Amino acid sequence: MADDSLLERVAALEERVSRLESGPNPTRNDVFWALEGLRRRLTEDGQVLFTGALDLPTGEHYEWQQGAAVTELLDANWADHAAPYAALGHPVRLTLLRAVLRGTRSSTELQETAGLNTTGQLYHHLKQLTAAGWLQAEGRGHYVVPAGRVVPLLVLLSAVVPAPNPTTRSGT
0 MADDSLLERV AALEERVSRL ESGPNPTRND VFWALEGLRR RLTEDGQVLF TGALDLPTGE
60 HYEWQQGAAV TELLDANWAD HAAPYAALGH PVRLTLLRAV LRGTRSSTEL QETAGLNTTG
120 QLYHHLKQLT AAGWLQAEGR GHYVVPAGRV VPLLVLLSAV VPAPNPTTRS GT
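Under numbering that gives the first Met the number 0, think of the first position of the sequence shown as 0, with each following residue one higher.
Please keep in mind that the hints were generated in silico from the structure rather than gathered at the bench.
One or more of the hints may lead you astray.
[Stated by the list, open to error] As a list, the in silico DMTMM-like pairs of lysine to aspartate or glutamate whose alpha-carbon atoms are at most 20 Å apart:
#1 Lys-126 <-> Glu-108
#2 Lys-126 <-> Glu-111
#3 Lys-126 <-> Glu-137
[Unchecked claim] With beta-carbon atoms standing in for the labels, derived distance ranges:
#4 Leu-12 <-> Ala-146: 36 to 46 Å
#5 Leu-156 <-> Ala-67: 14 to 24 Å
#6 Ser-105 <-> Ser-17: 21 to 31 Å
#7 Thr-129 <-> Ala-75: 18 to 28 Å
Model, not experiment: these values are computed from the prediction.
Heads up, the beta-carbon is just placed ideally off N, CA and C, and yes, glycines get one too.
Please take these sequences and the hints and turn them into a complete structure.
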């Protein structure tokens, strides 16, 4: 009897390994492996998902995923969310965010990095980024990108920075 149970368990494990090995696998050149994983969880109208796992030059590690149903996104009042996008709409602010992600955290260093002539200019831009939630003051004169904003910020940038080999698929 014990042998029958063991054989059944081994057969079940072999079947499971076989299914796992034949499923989507990013190492097997399955270009849409993330999309296929999402497809198995889709709601009726579809979903948008973004995710990331990364190490910054500072050594900080972040993992993030967020999804939303298409209906919720299309029904939302987009104007209510204009401020965070507006805060990103200035080259100096983008320079400041990139510098902070790379490890430049003090206002003195940020002013130099951004090439600003006055502290008033710097604090104007820092105030915009802080009010929109892209930066957070950490101690006196030091700033960080909040953990919950690191991957979303990089996702937004990846949407506008041309990818060398974008992969798309559409259908009706």
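Which numbered hints does this structure break?
-> Hint check: 6 fails alone, others pass.
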